[in-house]
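Engineer: Sequence:
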Amino acid sequence: MATASLPETRAEQARPRAAAWLGLAGGLALGLVLLAAALAKALDPRAFGEELAALGLTGPLPPFVAALGALALEALIGALLVANLRRLPVLAAASALVAFFLFVTGRDAWRAAHGQVDAASACGCFGNLVDRTPAEAFHQDLLMLVPALALAWLGRPGATRRVRARAAAALAAALAVTGLAAAAPDLPLDGWATRLDRGVEVASLCAGRDAERVCLTGIAPELATGRRLVLLVDISDPGFEALARDLNARQRAGTEPPVTVLAEIPPERGQELFWTVAPAFELHDVPRALLRPLYRTLPRSFLVETGRVTATWSGLPGDLAVAREPR
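Residues in the sequence shown are numbered consecutively from 1, following my numbering.
Worth double-checking, as some hints may not be accurate.
Derived Cβ-Cβ restraints for the label pairs, each shown as a range [as the list claims (entries may be wrong)]:
1) GLU305 to PRO62: 38 to 46 Å
2) THR225 to GLY59: 43 to 51 Å
3) GLU305 to ARG164: 52 to 60 Å
4) PRO257 to VAL65: 37 to 45 Å
5) ARG198 to ARG164: 25 to 33 Å
6) ARG209 to ALA54: 17 to 25 Å
7) VAL146 to GLN271: 44 to 52 Å
Just so you know, the hints here were simulated from the structure itself, not pulled from any lab data.
In this text, all values refer to a predicted model and were calculated from it rather than measured experimentally.
We treat Cβ as the ideally placed atom computed from N, Cα and C, and that holds for glycine.
Modelling step: build the complete structure from the supplied sequences, incorporating the hints.
Structural biologist: Right under this line is the structure:
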(Lines of atoms letter the chains of each structure in order from A and count residues from 1; the text may use other names and numbers.)
(Lines give C-alpha, C1' and ligand atoms only; values in the text may rest on other atoms or scores of the structure.)
Protein backbone atom coordinates (compact mmCIF):
# COMPACT_ATOMS: atom_id res chain seq x y z
CA MET A 1 0.00 0.00 0.00
CA ALA A 2 2.78 2.42 0.99
CA THR A 3 4.83 1.44 -2.06
CA ALA A 4 1.93 2.10 -4.43
CA SER A 5 1.44 5.60 -3.08
CA LEU A 6 5.11 6.60 -3.35
CA PRO A 7 5.02 7.85 -7.01
CA GLU A 8 1.86 9.79 -6.22
CA THR A 9 3.56 11.40 -3.22
CA ARG A 10 6.55 12.39 -5.33
CA ALA A 11 4.26 13.88 -7.96
CA GLU A 12 2.45 15.87 -5.31
CA GLN A 13 5.78 17.19 -4.03
CA ALA A 14 6.97 18.06 -7.56
CA ARG A 15 3.89 20.15 -8.41
CA PRO A 16 4.62 22.98 -5.93
CA ARG A 17 8.26 23.07 -7.05
CA ALA A 18 7.25 23.26 -10.71
CA ALA A 19 4.75 26.01 -9.93
CA ALA A 20 7.40 27.93 -8.01
CA TRP A 21 9.86 27.73 -10.92
CA LEU A 22 7.20 28.74 -13.46
CA GLY A 23 6.16 31.63 -11.23
CA LEU A 24 9.76 32.74 -10.85
CA ALA A 25 10.27 32.63 -14.63
CA GLY A 26 7.05 34.55 -15.31
CA GLY A 27 7.84 37.21 -12.72
CA LEU A 28 11.39 37.59 -14.01
CA ALA A 29 10.22 37.93 -17.63
CA LEU A 30 7.52 40.46 -16.79
CA GLY A 31 9.83 42.42 -14.50
CA LEU A 32 12.55 42.67 -17.14
CA VAL A 33 10.06 43.90 -19.74
CA LEU A 34 8.77 46.58 -17.36
CA LEU A 35 12.30 47.66 -16.43
CA ALA A 36 13.37 47.81 -20.08
CA ALA A 37 10.30 49.87 -20.99
CA ALA A 38 10.87 52.28 -18.09
CA LEU A 39 14.55 52.68 -18.95
CA ALA A 40 13.78 53.34 -22.63
CA LYS A 41 11.24 56.03 -21.74
CA ALA A 42 13.59 57.53 -19.14
CA LEU A 43 15.93 58.61 -21.95
CA ASP A 44 13.27 61.05 -23.18
CA PRO A 45 10.81 61.70 -20.33
CA ARG A 46 9.40 64.79 -22.04
CA ALA A 47 8.07 62.70 -24.92
CA PHE A 48 6.54 60.29 -22.39
CA GLY A 49 4.98 63.24 -20.58
CA GLU A 50 3.45 64.42 -23.85
CA GLU A 51 1.85 60.99 -24.30
CA LEU A 52 0.45 61.02 -20.76
CA ALA A 53 -0.96 64.50 -21.34
CA ALA A 54 -2.55 63.39 -24.62
CA LEU A 55 -4.22 60.54 -22.73
CA GLY A 56 -5.45 62.94 -20.04
CA LEU A 57 -3.47 61.15 -17.33
CA THR A 58 -1.37 63.97 -15.92
CA GLY A 59 -4.11 65.50 -13.78
CA PRO A 60 -3.00 68.76 -12.16
CA LEU A 61 0.66 67.80 -12.50
CA PRO A 62 2.98 69.16 -15.20
CA PRO A 63 3.57 66.44 -17.85
CA PHE A 64 7.25 66.09 -16.93
CA VAL A 65 6.47 65.52 -13.24
CA ALA A 66 3.71 63.03 -14.12
CA ALA A 67 6.16 61.19 -16.37
CA LEU A 68 8.70 60.88 -13.55
CA GLY A 69 6.06 59.48 -11.21
CA ALA A 70 4.83 56.95 -13.76
CA LEU A 71 8.37 55.84 -14.56
CA ALA A 72 9.17 55.41 -10.87
CA LEU A 73 6.09 53.19 -10.40
CA GLU A 74 6.76 51.09 -13.49
CA ALA A 75 10.44 50.62 -12.60
CA LEU A 76 9.62 49.73 -8.98
CA ILE A 77 7.07 47.05 -9.94
CA GLY A 78 9.49 45.62 -12.48
CA ALA A 79 12.37 45.56 -10.01
CA LEU A 80 10.26 43.90 -7.29
CA LEU A 81 9.26 41.15 -9.73
CA VAL A 82 12.87 40.61 -10.79
CA ALA A 83 13.77 40.31 -7.10
CA ASN A 84 11.09 37.57 -6.82
CA LEU A 85 9.09 39.57 -4.28
CA ARG A 86 5.84 38.31 -5.74
CA ARG A 87 3.67 39.34 -2.82
CA LEU A 88 -0.05 39.91 -3.36
CA PRO A 89 0.23 43.74 -3.45
CA VAL A 90 3.07 43.57 -6.01
CA LEU A 91 1.20 41.16 -8.27
CA ALA A 92 -2.00 43.17 -7.96
CA ALA A 93 -0.14 46.34 -8.96
CA ALA A 94 1.53 44.50 -11.86
CA SER A 95 -1.85 43.20 -13.01
CA ALA A 96 -3.35 46.68 -12.92
CA LEU A 97 -0.38 48.06 -14.87
CA VAL A 98 -0.64 45.36 -17.55
CA ALA A 99 -4.40 45.93 -17.81
CA PHE A 100 -3.77 49.65 -18.26
CA PHE A 101 -1.16 49.07 -20.99
CA LEU A 102 -3.53 46.77 -22.86
CA PHE A 103 -6.39 49.24 -22.52
CA VAL A 104 -4.28 52.07 -23.96
CA THR A 105 -2.78 50.07 -26.83
CA GLY A 106 -6.09 48.31 -27.53
CA ARG A 107 -7.95 51.61 -27.71
CA ASP A 108 -5.31 53.07 -30.04
CA ALA A 109 -5.45 49.97 -32.26
CA TRP A 110 -9.26 50.25 -32.48
CA ARG A 111 -9.11 53.97 -33.25
CA ALA A 112 -6.44 53.42 -35.91
CA ALA A 113 -8.51 50.67 -37.53
CA HIS A 114 -11.48 53.06 -37.69
CA GLY A 115 -9.50 56.00 -39.05
CA GLN A 116 -9.65 58.07 -35.88
CA VAL A 117 -5.86 58.24 -35.46
CA ASP A 118 -2.93 57.85 -37.81
CA ALA A 119 -2.43 54.14 -38.50
CA ALA A 120 1.31 54.80 -38.86
CA SER A 121 1.62 56.33 -35.41
CA ALA A 122 4.02 54.61 -33.07
CA CYS A 123 3.34 53.58 -29.51
CA GLY A 124 5.82 55.14 -27.11
CA CYS A 125 5.65 52.35 -24.54
CA PHE A 126 9.30 51.53 -25.21
CA GLY A 127 10.45 55.03 -26.05
CA ASN A 128 11.32 56.51 -29.42
CA LEU A 129 13.65 53.73 -30.47
CA VAL A 130 10.95 51.11 -31.08
CA ASP A 131 8.77 51.62 -34.14
CA ARG A 132 5.38 49.99 -33.53
CA THR A 133 2.03 50.69 -35.12
CA PRO A 134 -0.99 50.73 -32.76
CA ALA A 135 -2.03 47.24 -33.87
CA GLU A 136 1.49 45.89 -33.42
CA ALA A 137 1.74 47.49 -29.99
CA PHE A 138 -1.47 45.85 -28.80
CA HIS A 139 -0.69 42.37 -30.10
CA GLN A 140 2.92 42.45 -28.93
CA ASP A 141 1.92 43.65 -25.45
CA LEU A 142 -0.73 40.95 -25.29
CA LEU A 143 1.83 38.24 -26.12
CA MET A 144 4.65 39.63 -23.96
CA LEU A 145 2.78 40.66 -20.85
CA VAL A 146 -0.26 38.44 -20.29
CA PRO A 147 1.40 34.97 -20.28
CA ALA A 148 4.25 36.24 -18.08
CA LEU A 149 1.76 37.84 -15.67
CA ALA A 150 -0.32 34.65 -15.48
CA LEU A 151 2.77 32.58 -14.67
CA ALA A 152 3.95 35.11 -12.08
CA TRP A 153 0.88 34.32 -9.95
CA LEU A 154 1.92 30.66 -9.66
CA GLY A 155 3.87 29.34 -6.70
CA ARG A 156 4.15 32.63 -4.87
CA PRO A 157 7.02 32.45 -2.36
CA GLY A 158 6.29 32.47 1.34
CA ALA A 159 8.38 34.16 4.00
CA THR A 160 11.99 34.19 2.80
CA ARG A 161 15.23 35.59 4.02
CA ARG A 162 16.70 38.86 2.84
CA VAL A 163 13.31 40.34 1.96
CA ARG A 164 14.44 43.74 3.16
CA ALA A 165 17.66 43.55 1.15
CA ARG A 166 15.77 42.60 -2.01
CA ALA A 167 13.20 45.32 -1.46
CA ALA A 168 15.97 47.87 -0.89
CA ALA A 169 17.70 46.77 -4.11
CA ALA A 170 14.43 47.09 -6.04
CA LEU A 171 13.83 50.55 -4.60
CA ALA A 172 17.38 51.57 -5.50
CA ALA A 173 16.85 50.39 -9.10
CA ALA A 174 13.60 52.36 -9.36
CA LEU A 175 15.28 55.48 -7.95
CA ALA A 176 18.15 55.07 -10.42
CA VAL A 177 15.74 54.96 -13.38
CA THR A 178 13.83 57.96 -12.03
CA GLY A 179 17.06 59.87 -11.43
CA LEU A 180 18.17 59.17 -14.99
CA ALA A 181 14.83 60.44 -16.29
CA ALA A 182 15.07 63.62 -14.19
CA ALA A 183 18.58 64.35 -15.48
CA ALA A 184 18.04 63.12 -19.06
CA PRO A 185 16.95 66.45 -20.63
CA ASP A 186 20.34 67.97 -19.72
CA LEU A 187 22.42 64.96 -20.73
CA PRO A 188 23.87 64.37 -24.24
CA LEU A 189 21.64 61.38 -24.92
CA ASP A 190 20.17 62.27 -28.32
CA GLY A 191 22.09 59.49 -30.05
CA TRP A 192 20.68 56.97 -27.56
CA ALA A 193 17.16 58.34 -27.19
CA THR A 194 16.34 59.05 -30.84
CA ARG A 195 16.64 57.27 -34.18
CA LEU A 196 18.86 60.01 -35.54
CA ASP A 197 22.61 59.63 -35.15
CA ARG A 198 25.81 59.65 -37.16
CA GLY A 199 25.97 56.93 -39.77
CA VAL A 200 22.20 56.46 -40.05
CA GLU A 201 20.85 56.08 -43.60
CA VAL A 202 18.15 58.69 -44.15
CA ALA A 203 16.17 56.20 -46.24
CA SER A 204 15.87 53.98 -43.14
CA LEU A 205 14.00 56.67 -41.18
CA CYS A 206 10.42 55.51 -41.64
CA ALA A 207 7.16 55.02 -39.74
CA GLY A 208 4.15 52.80 -40.28
CA ARG A 209 3.65 49.59 -42.20
CA ASP A 210 2.51 48.52 -45.65
CA ALA A 211 0.29 51.13 -47.36
CA GLU A 212 0.64 53.54 -44.42
CA ARG A 213 4.45 53.38 -44.41
CA VAL A 214 6.10 56.76 -44.88
CA CYS A 215 9.85 57.42 -45.13
CA LEU A 216 11.85 60.62 -44.87
CA THR A 217 13.32 60.32 -48.38
CA GLY A 218 9.79 59.99 -49.74
CA ILE A 219 8.83 63.32 -48.17
CA ALA A 220 12.14 65.09 -48.80
CA PRO A 221 13.73 63.32 -51.81
CA GLU A 222 16.58 65.86 -51.95
CA LEU A 223 18.05 64.17 -48.86
CA ALA A 224 18.90 61.04 -50.83
CA THR A 225 21.71 62.72 -52.77
CA GLY A 226 24.23 65.52 -52.33
CA ARG A 227 25.03 67.42 -49.17
CA ARG A 228 22.27 69.07 -47.11
CA LEU A 229 21.83 70.77 -43.76
CA VAL A 230 18.54 69.64 -42.22
CA LEU A 231 16.71 71.54 -39.48
CA LEU A 232 13.95 70.06 -37.35
CA VAL A 233 11.88 72.98 -36.08
CA ASP A 234 8.68 73.95 -34.30
CA ILE A 235 6.78 76.38 -36.53
CA SER A 236 4.81 77.63 -33.52
CA ASP A 237 8.02 78.88 -31.91
CA PRO A 238 8.05 82.72 -31.77
CA GLY A 239 11.50 82.75 -33.34
CA PHE A 240 10.56 80.70 -36.38
CA GLU A 241 9.72 83.63 -38.67
CA ALA A 242 13.06 85.30 -37.90
CA LEU A 243 14.82 82.01 -38.61
CA ALA A 244 12.90 81.67 -41.88
CA ARG A 245 14.04 85.15 -42.98
CA ASP A 246 17.65 84.18 -42.25
CA LEU A 247 17.23 80.97 -44.22
CA ASN A 248 15.67 82.85 -47.14
CA ALA A 249 18.66 85.22 -47.24
CA ARG A 250 21.04 82.28 -47.01
CA GLN A 251 19.31 80.51 -49.88
CA ARG A 252 19.31 83.59 -52.12
CA ALA A 253 23.01 84.12 -51.42
CA GLY A 254 23.74 80.55 -52.51
CA THR A 255 25.34 79.61 -49.19
CA GLU A 256 26.40 75.98 -49.01
CA PRO A 257 25.16 73.53 -48.00
CA PRO A 258 21.51 74.18 -48.94
CA VAL A 259 18.98 73.86 -46.14
CA THR A 260 15.96 71.61 -45.77
CA VAL A 261 13.50 72.32 -42.96
CA LEU A 262 11.30 69.58 -41.52
CA ALA A 263 8.33 70.39 -39.31
CA GLU A 264 4.90 69.18 -38.29
CA ILE A 265 2.59 71.65 -40.05
CA PRO A 266 -1.10 71.63 -39.08
CA PRO A 267 -3.39 71.75 -42.16
CA GLU A 268 -4.85 75.10 -41.11
CA ARG A 269 -1.38 76.63 -40.97
CA GLY A 270 0.02 75.32 -44.23
CA GLN A 271 -1.27 77.94 -46.67
CA GLU A 272 -0.84 80.77 -44.17
CA LEU A 273 2.76 79.74 -43.56
CA PHE A 274 3.71 79.84 -47.20
CA TRP A 275 2.22 83.33 -47.57
CA THR A 276 3.79 84.81 -44.43
CA VAL A 277 7.20 83.14 -44.64
CA ALA A 278 7.46 82.66 -48.43
CA PRO A 279 10.20 80.04 -47.96
CA ALA A 280 12.96 80.07 -50.57
CA PHE A 281 14.34 76.94 -48.87
CA GLU A 282 12.90 73.44 -48.89
CA LEU A 283 10.16 73.19 -46.25
CA HIS A 284 8.38 69.87 -45.71
CA ASP A 285 5.46 68.79 -43.56
CA VAL A 286 6.43 65.57 -41.76
CA PRO A 287 3.89 63.39 -39.88
CA ARG A 288 4.38 63.34 -36.13
CA ALA A 289 4.87 59.55 -36.16
CA LEU A 290 7.98 60.03 -38.29
CA LEU A 291 9.26 63.35 -36.93
CA ARG A 292 8.90 62.89 -33.15
CA PRO A 293 11.35 59.97 -32.81
CA LEU A 294 14.09 62.12 -34.38
CA TYR A 295 14.45 64.64 -31.54
CA ARG A 296 14.11 65.21 -27.82
CA THR A 297 13.94 69.00 -28.01
CA LEU A 298 13.50 71.41 -30.93
CA PRO A 299 15.29 72.69 -32.84
CA ARG A 300 17.61 69.85 -33.76
CA SER A 301 19.86 69.72 -36.80
CA PHE A 302 21.84 67.24 -38.82
CA LEU A 303 24.06 67.13 -41.87
CA VAL A 304 23.34 64.66 -44.68
CA GLU A 305 25.89 63.58 -47.28
CA THR A 306 24.85 61.17 -50.04
CA GLY A 307 21.93 59.92 -48.00
CA ARG A 308 23.82 59.33 -44.74
CA VAL A 309 23.83 61.40 -41.54
CA THR A 310 27.38 62.66 -40.90
CA ALA A 311 26.81 65.09 -37.97
CA THR A 312 24.07 66.11 -35.55
CA TRP A 313 23.50 69.14 -33.33
CA SER A 314 21.22 69.93 -30.41
CA GLY A 315 20.03 73.30 -31.61
CA LEU A 316 20.98 75.19 -34.77
CA PRO A 317 24.49 74.95 -36.16
CA GLY A 318 26.99 77.48 -37.40
CA ASP A 319 25.89 81.02 -38.21
CA LEU A 320 22.20 80.22 -37.67
CA ALA A 321 22.46 80.23 -33.88
CA VAL A 322 24.82 79.51 -31.02
CA ALA A 323 24.93 75.71 -30.98
CA ARG A 324 26.73 72.93 -29.22
CA GLU A 325 29.46 71.00 -30.93
CA PRO A 326 28.29 68.23 -33.31
CA ARG A 327 28.01 64.80 -31.73
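Engineer: Indicate, hint by hint, whether the structure satisfies it.
Structural biologist: Hints and how they fare:
1. GLU305 to PRO62: 38 to 46 Å: Given range 38 to 46 Å: holds, Cβ gap about 40 Å.
2. THR225 to GLY59: 43 to 51 Å: Between THR225 and GLY59, where Cβ atoms are some 49 Å apart, the hint holds.
3. GLU305 to ARG164: 52 to 60 Å: Holds: the Cβ-Cβ distance is about 57 Å, inside 52 to 60 Å.
4. PRO257 to VAL65: 37 to 45 Å: Between PRO257 and VAL65, where Cβ atoms are some 41 Å apart, the hint holds.
5. ARG198 to ARG164: 25 to 33 Å: 46 Å, violated
6. ARG209 to ALA54: 17 to 25 Å: Because 22 Å falls inside the window, the suggested range holds.
7. VAL146 to GLN271: 44 to 52 Å: 48 Å, holds
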